[in-house]
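Protein chains in written order, with our numbering: chain A, 3 to 266; chain B, 3 to 266; chain C, 3 to 266.
In case anyone wonders, no lab produced these hints; they're calculated from the structure.
Hints are not guaranteed to be accurate.
Pairs count within a copy or across copies, as identical chains cannot be separated in the list.
[What the hints assert, rightly or not] With a Cα cut of at most 30 Å, we get these calculated DSS-like pairs of lysine-lysine:
#, residue 1, residue 2
1, Lys5, Lys200
2, Lys128, Lys5
3, Lys128, Lys203
4, Lys225, Lys5
5, Lys204, Lys128
6, Lys128, Lys225
7, Lys204, Lys5
8, Lys5, Lys203
9, Lys128, Lys200
10, Lys203, Lys225
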Amino acid sequence: MAKIITLLTDFGLSDGYNGIMKGVIWTIAPDVSIADITHSVSAQNVREGTFMLQKAAPCFPAGTVHVSVVDPGVGTTRRPIAAHLGPYFFVGPDNGLVTALWQWAEDRGYETAFVHLDNTRYWLEKVSNVFHGRDIFAPVAAHLANGVPFASLGSPIHDAVRLSLPQAQRTARGWRGLVNIIDNFGNLSTNLNHTHLKDIKKPRFRIGSHHIDGLVETFGDCKPGEVVAVFGTTDDLMIAVVEGSAKERLQGGGGDGVEVEETL
Amino acid sequence: MAKIITLLTDFGLSDGYNGIMKGVIWTIAPDVSIADITHSVSAQNVREGTFMLQKAAPCFPAGTVHVSVVDPGVGTTRRPIAAHLGPYFFVGPDNGLVTALWQWAEDRGYETAFVHLDNTRYWLEKVSNVFHGRDIFAPVAAHLANGVPFASLGSPIHDAVRLSLPQAQRTARGWRGLVNIIDNFGNLSTNLNHTHLKDIKKPRFRIGSHHIDGLVETFGDCKPGEVVAVFGTTDDLMIAVVEGSAKERLQGGGGDGVEVEETL
Amino acid sequence: MAKIITLLTDFGLSDGYNGIMKGVIWTIAPDVSIADITHSVSAQNVREGTFMLQKAAPCFPAGTVHVSVVDPGVGTTRRPIAAHLGPYFFVGPDNGLVTALWQWAEDRGYETAFVHLDNTRYWLEKVSNVFHGRDIFAPVAAHLANGVPFASLGSPIHDAVRLSLPQAQRTARGWRGLVNIIDNFGNLSTNLNHTHLKDIKKPRFRIGSHHIDGLVETFGDCKPGEVVAVFGTTDDLMIAVVEGSAKERLQGGGGDGVEVEETL
């Protein structure tokens, strides 16, 4: 089986912290392939991190170990954890970062299990208060990729922190949702998806004071500057400005409401 | 033979899209090595992308599959293609992104062949309208690296889109060329190269209203702030400001004219 | 043994230069794993580069070849060198970039050896004046990872350039040190460390006109906006602003003085 570890953090790319984690991983598991998902999660934004992880993780092969470190509580009493979520493993802080991937696994009927990483045998010998990515998460992930059983990593727990991620709400003629994440291009990705929209004829979308009639198939069909609704990379409803930024145009931000209703 | 895939896109590094492509590739071809060339091509700038690909691709070993995605037409009728260009493969949109590498291969007398990627067997099962990098190009590249014959990927075509890349023009006493790309340091890389300059004695360069007398061997020989002409990383004539930015100083931009003439 | 090469440069990520180095490496040594440490060293800042290399390099397995290119003198008479520093190899320009890792090796009693890379057999055939990372350092590192003996790479030298890195100075009641590097979050990492502080009871720190009483264990214990002293990722004394930037708040820069004294 392929041995793959992914890294998702808010460390940025300039200080070498992700390179350091690779060094630790390859010291323990020299034949692992490592993919950076992103190191540009907004600083300490666990909510953004959980959505980004959920978007990328399921594209990896079964057995992949996803190391995610957005960790405002590093060095405090927050627990280091690992999760077994169907085909994937998660290693990171117990602060809700795993939530969206956990939900994804449950939605597909996968079994899930969690451990508190309290078996120090799989940590580096010396553990700092500021960089558990290097000292705990990277080595644990490497041992896991090497075949160390999940259950050996620590004590089973059943109370891992789970963020409350708002679900779309039914309205009289449609659904009310929220912007979950905003990408690099300023596209607003919402918690509405294909499932919510499949029975709505002639949908009209409202975000702030802006209305959009109908869904487009692809940006290529539209005029530059047009505000459109389109399905995104994971069947999420996305509000976008063609060759522009919906974030700037609509002043959208995490948490902004988006409504859809049938106009037929 | 080494199995190597490179990625060049305009996705940026913050949203995890390149990580997602790696997940797809490793699901199909777990033993492939993947190199990011860059994910910072200016948004939808196919012309810049083709130059950057051409600059990097020939440094890779024979058999490397270069996946390039600068794709304003994603989801429209623009075709997904693959090209066999001497020692390399290209996989990406049919929008001219392959042009400079194609030209490179022709200049060296390599055989070239193109297919329309219409064999859906090598795609992901579900294809979105917004992310062919994940759904078509990454899986096709992985299968190609796995040894799937090029000809199996789709129907042969002979009309792949080719950008018209301006060639340097002869003038009375020299050549007239153009700035092709501007790098991170503000250096202006032109379509003039060693071939154009080898017979010009005591060259004088003109860019906008600025004159430069002679070529320097290396930045190390010059004074900070000096505007110089120097051969770049691929024998391209480069206009640079020592420890500064020629882009800022000369207000250079893609398409700016550069002339060289003999002053002897 | 694992074959690992790391890259640390000031090239940035947008121009594809680090991808090009990977292509060269994999052409010579197809089974090497390559980790980017960082490509965001401040342009031509050798001093910053040496600290960043020293911070990351020792996290890699024995035998790792560290290629580092911050190289204002490229194309001049500055020598290309390689160093054998205990468990690690360094390949790069002879401008002091190796200093902090060299010091690290000496502090641990490792043997050290240097060669001038004058055996052109391990270079690319054609060498430019502007990109020795591609033409000399990447191919030499690949051959080294392939098992070419260190001594074959060139002539032994005993006068490699060594930066004078200021050491902490004893004061009447403590130590006077300096800010070495500033990270992405604006944290100020100093040349004071655990060794200097272990015998100081109730330490008080001074940086510019700012005083800090005591060391904190972890950011999680502090109030947002608080200026704190804390041990960093390598036991370095770090001055930080909780959920903020010490760089902005204290106007700190490379070279700023930091003092600690006992207040008991």
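How the hints compare with the structure:
no.: 1; hint: Lys5 - Lys200; verdict: neither (38 Å within a copy, 42 Å between copies)
no.: 2; hint: Lys128 - Lys5; verdict: both (26 Å within a copy, 25 Å between copies)
no.: 3; hint: Lys128 - Lys203; verdict: between (60 Å within a copy, 23 Å between copies)
no.: 4; hint: Lys225 - Lys5; verdict: neither (45 Å within a copy, 41 Å between copies)
no.: 5; hint: Lys204 - Lys128; verdict: between (60 Å within a copy, 24 Å between copies)
no.: 6; hint: Lys128 - Lys225; verdict: between (57 Å within a copy, 27 Å between copies)
no.: 7; hint: Lys204 - Lys5; verdict: neither (47 Å within a copy, 48 Å between copies)
no.: 8; hint: Lys5 - Lys203; verdict: neither (46 Å within a copy, 48 Å between copies)
no.: 9; hint: Lys128 - Lys200; verdict: between (54 Å within a copy, 17 Å between copies)
no.: 10; hint: Lys203 - Lys225; verdict: within (23 Å within a copy, 51 Å between copies)
Checked against the numbered hints above, the structure breaks hints 1, 4, 7, 8 and satisfies the rest.
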